[in-house]
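Residue numbers (the numbering used here), protein chains in the order written: chain A, -14 to 371; chain B, 378 to 732; chain C, 2 to 294; chain D, 23 to 282.
It is possible that part of the hints are untrue.
Residues from chain C that face chain B, not an exhaustive set, calculated with beta carbons under 10 Å [what the hints assert, rightly or not]:
(1) Leu74
(2) Val77
(3) Val83
(4) Arg90
(5) Ile106
(6) Ala110
With a cut-off of at most 25 Å between alpha-carbon atoms, the simulated DSS-like pairs for lysine-lysine come out as follows [unchecked claim]:
(7) Lys45/D to Lys574/B
(8) Lys45/D to Lys709/B
(9) Lys506/B to Lys31/C
Keep in mind the hints are simulated off the structure, nothing from the lab. For each residue, glycine too, the CB sits at the ideal point set by N, CA and C.
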Amino acid sequence: MSSFNDTPGAAPVSLPQWLRLQAQWHGPDVALRHKHLGIWQVQTWAQVADEVGRLAAGLQAHGFAAGATLAILSRPRPQALLAALAAQWLGGVASLFDPLQPGAEQRPLLAALQPEFVLAEGLEEVQRLHMAQLAPKVLIYLDRRGLSASEAFVEALDYAALLACHPVDEPGLQGPAQHTAFVFYREVGQAIEEQRLSHAELLREGQRLVEREALGRQEEALAARAFASAGQARYLLAPWLIAGFRLNFPENLATRDRDRRELGPTLVAGTRETYTRLHGYALERLPLPGSWARRLVDWALATPSGLFQRHLGHWLVRRSLRDVLGFSKTRSPLLVGDALAPETQAFFEVLGVNVRHWSDSAHWEVPVQPVNTITDDWTGRQSQLA
Amino acid sequence: MFYREAGQFSTRYAQDRRVFALRQDRHGLAALLLVAFVVVPWLGNDYWFSAILIPFLVLSLAGLGLNLLTGYAGQLSLGSAAFMAVGAFATYNFEVRVAGLPLLLSIVLGGLSAALVAVLFGLPSLRIKGFYLLVSTLAAQFFVTWALTRFSWFSNHSASGVISAPPLEVLGLNLDSPAGRYLLTLTIVVVLFWLGKNLVRSELGRNWMAVRDMDAAAAVIGIELAKTKLLAFAISGFYLGIAGALWAFAYLGTVEPHGFDLNRSFQILFIIIIGGLGSLLGNFLGAAFIVLFPVLLSNLVALLPGGLVDAGQVENLQKIIFGALIILFLIKEPEGLARLWQRFRQRARLWPLRY
Amino acid sequence: MEFFFEVLIGGLLAGVMYALVAIGFVLIYKASGVFNFAQGAMVLFSALTFVSLLERGVPFWLAFVISLAAMALMAVLVERVVLRPLVNRSPITLFMATLGLSYVIEGFAQALWGAQVHGLELGISDEPLELGGMLLSQFDIFAALTAASLVLLLSWLFNKTRLGLALRAVADDPLAALAVGIRLQRVWVVVWTVAGFVGLVAGLLWGARLGVQFSLSLVVLKALPVLIIGGFTSISGAIVGGLIIGASEKLAEVYLGPFIGSGIENWFPYVLALLFLLVRPAGLFGERAIERV
Amino acid sequence: MIQTAATHLLELNNISLSFKGVKAITDISFRVAEGEICALIGPNGAGKSSLLNVISGVYQAQEGHIRFDRHQRRRQRAHDAAVQGIARTFQNIALFKGMSVLDNVLTGRNLKRRSSWIEQALGIGRARAEDDRQREAAERVIEFLHLQPWRDVPVGKLPYGLQKRVELARALAAEPRLLLLDEPMAGMNAEEKQQMSRFIVDINRELGTTVVLIEHDIGVVMGISNHVVVLDYGRKIGDGSPEAVRQDPEVISAYLGTRH
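Looking at chain A on its own, in the form it has when it is part of the complex (with noise of 0.2 Å):
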């Protein structure tokens, strides 16, 4: 199943050597798609690396080192994704936020962090930084539209720019499993608490849930809206890498309900709010109460107890439900983080899926160090504990 076992001598130690891994054995495979401009535009594993490789040089011509930090604000895209990579592609660290979280909550949290190297989707992402009194190093956009009025876009560096770079072959050997792989901040109160994550833990989270949900190639995961969580990074980036299946990314986040069905994902590693919404998606649009049709619908979805009830309430209302949402290839439906509300966990039992919670074990802690600085103990003792 994983391409675990095709691994000659050493198996991989970190993110990035997996994807050096998967670009020599299964170059031409799909990797990612984005859906943009219309199609699903894709990217294969030899892209993928090569671009990675290219943004890594690039980061390390603007001085971007092993250790140092790269702060991505931005909603799921494949740059994102790939930035991310490539900063461990030079043994740093990424650490994501999600820009759709408030700008209130993130500001003191930028604010203290002071990044150096940054990663902001747009202008607006920009004008948050800047609310942030932030003045990093590098701050590096994905899209320039509107910030050629901003003072910020002086020096700011295009993401298309840095791909110019020639790629950096000796990809993530500059420091060892234990190294972080991705570093998350959240708030409390006024404190600030961080969650670190190493390549060792990753990969092991990962391998776990590779080997319980025996994904394979041909797995489609959709990288839906919880981007920035360390869920989404053990549980849909780790097994991407380590399975080698295609990871997709939607349109934008007014357009995910239709690309989820065009694309019928075999994988969904959602939290709580996804299947949440899902579950109301679907009973607003349900028939209309009273309606014959919904009489229909309400007795296919009572939990079926004769065999005609089972079979026909499939055919007639399940099948399509399950469809119309997008879930009728889902094989692995996955819940990161806090667990379902009774009600919407039956909701999708009925509809054949039923939701695994895999338990986000996330250690909050305060920082031992300044939060600019990378240590690497904390992150070494969880992996021999472990």
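Add chains B, C and D to chain A, keeping to what the hints say.
Just chains B, C and D now, with coordinates in the frame of chain A:
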């Protein structure tokens, strides 16, 4: 509820442009064609071929011809039958006057002649719109039938201007049998509908609809109204011409100019109103209705106890119901039967959700 | 020369008939913006009703009144069943609706009264009358006079009565008319009734000529070029247009016929109308609106 | 006169227009610099729309002439204007209601077509490759104006504000050098207005398109335009930078004083 769409997505624009984007639809169409080309000729009897299927196909084609002009390009026409007549008589003349000209080729040439005539009578559309255009198309209607009866040359000097079908032979195989004529018609209709589908989805098709929906805006964004309208007339004429040829030779066998009178034009207009303006499927639905409805009605009347409705009244009854239906459709479903189908399909794709 | 004038006069008198049908057209177009293709069917229906009543021994005036009542009833039905549901739809849609309507009316008329030709004798001798060296049919003159008086009646109706006022208001600006409390529906009913009445008269005159039969409903096809030339919105235009068409088609038949063949009166009016259009797109009396964008 | 140094893309000289003897525009002249956003303001019936119609070739001026880029002209068809690179939107939306958003945008690109209709109908030759290019270009416009969620919706079914945006998209798809917007924000709420102004500014900045727009909301006008021309009763009564115009007493008395 029969649609499973998950996993059907396009990674290239070509896939996205496909006429039938969904696998289920493609399979359905394939099955339909299989039935039409293999099962039907094998099972069908002569009555069905000659009295139902062939006229149905030909009228669908004629409907498409008018629909391109009226439903897509928004140019109202009451002269459809005239262009059919031109097609029929031109084909006939190519057959009798040019020795050894293959049948299909002379049919195409017939279509082209009809296209020419259509362009001629379409010229006024460059200056006039709406009802005013009716005059031009009616002029075509009356002038053509007059000319064809008046000058016996067109009917090769046959008495009373009746022309009769040449032997229907394509690539050496004889198609004079009902089944043969059915297959000939079916093939031509399928090809022309495929072409029509491409047309309406192409730049030209969009320009037509632009002119239909708001010609002032169309001009402002750089669409050449004259070219667009005239092409609509030409292509519509081409389709109607070929339909006329098939009507004459594959369906009736012999025909005179008055077989293509104003009522025929109305009939075709009704086809697209009932079937659906600006829809390809609609032409089939409308034609099926027009062909089957009288049959059904007369059968129904036959069922009634004798003398309740005498045969003479059936025709009047037909007229009344037809007229009433037209009004009903214009009020209730201006986009015709096709719209009903589309709506059902939309629901089916989203079932059990509402939107 | 006499011959020319006889042809001309004959044509003009035929034109009077066209004009009569066209007037019915104009009335409805002005009041409800509907391009009423069913006008011909109305002519047929009214005339057919009238003669069939006569044949069943109903006295002339009673028959006339009954036919008129029938037309009024039809007007009400049309307004209820066709116009009201289709209010503020595109003109093309309304036109196609009247196409359907004409089918209904024709079918109904024939189902009711049968399809055979009915002779109609209005009791006016068709003796030729010597006038200034020309032979004119008395009947034609009678027809012309009837038409003339009808037009006078109509113009009185529209210029002197409250109804006329309302109608002109509606014709100018339906919304404004509504605003000042004119009931559109009622105006429509009245107008369609009046159009029916005009149709009846036209039907009788034609019927007396060629017998009352289905072909009556085809006059509508002649009315179209008349309207093109006269303009859809002008009664006087309809009259002038009718005369032009009538005269020109007869002259063409007589003088061009020999060269390009008989029966050209079937299409000549349309070609003529087309020529007019290319020169004067709004007809002789019509108003052309500037397109505002 | 402003920016005489800058190259002028559009130049109106003594334009006069009248309908059936009624003067709509009297002897108006002004110049629009390449790359600026120029606002036409003035009370209703001041002749703003008529002027836009003259520039885009919908109406023909009786007197005066227009210079666009290098083309000097008195009268021209709307089609020629489009060919020269002038695109526009209409005061009351003039979309093709029967067609989807994508199709409407695609119609905007019809002048970019090279392959013949026959090639397209038979799907041969350069037609297919061109279809891809056209679609991609249209999609870029759709993305630029954030219309992705409505790509396949018939425009007739869209709310007013969105229809305005689609019409802008259609004009933009033609890759115009001059964009004429006739009250792009009429009947919009504050939020929609702000978004629309954002789009207009982006178009001007990112794509370098010169914009001439008619707008009643003075706040918006002063906010986004760098050149204002004031009309009143078909005459020009003010012309200059927003600040200059705001000071101009004649303008104040004629317009700014009285809200419309």
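Going down the list of hints, with the structure as the test:
{"no.": "1", "hint": "Leu74", "in the structure": "violated, 16 Å"}
{"no.": "2", "hint": "Val77", "in the structure": "violated, 16 Å"}
{"no.": "3", "hint": "Val83", "in the structure": "holds, 6 Å"}
{"no.": "4", "hint": "Arg90", "in the structure": "holds, 8 Å"}
{"no.": "5", "hint": "Ile106", "in the structure": "holds, 8 Å"}
{"no.": "6", "hint": "Ala110", "in the structure": "holds, 9 Å"}
{"no.": "7", "hint": "Lys45/D to Lys574/B", "in the structure": "violated, 49 Å"}
{"no.": "8", "hint": "Lys45/D to Lys709/B", "in the structure": "violated, 46 Å"}
{"no.": "9", "hint": "Lys506/B to Lys31/C", "in the structure": "holds, 19 Å"}
Of the numbered hints given earlier, the model fails hints 1, 2, 7, 8; all others are met.
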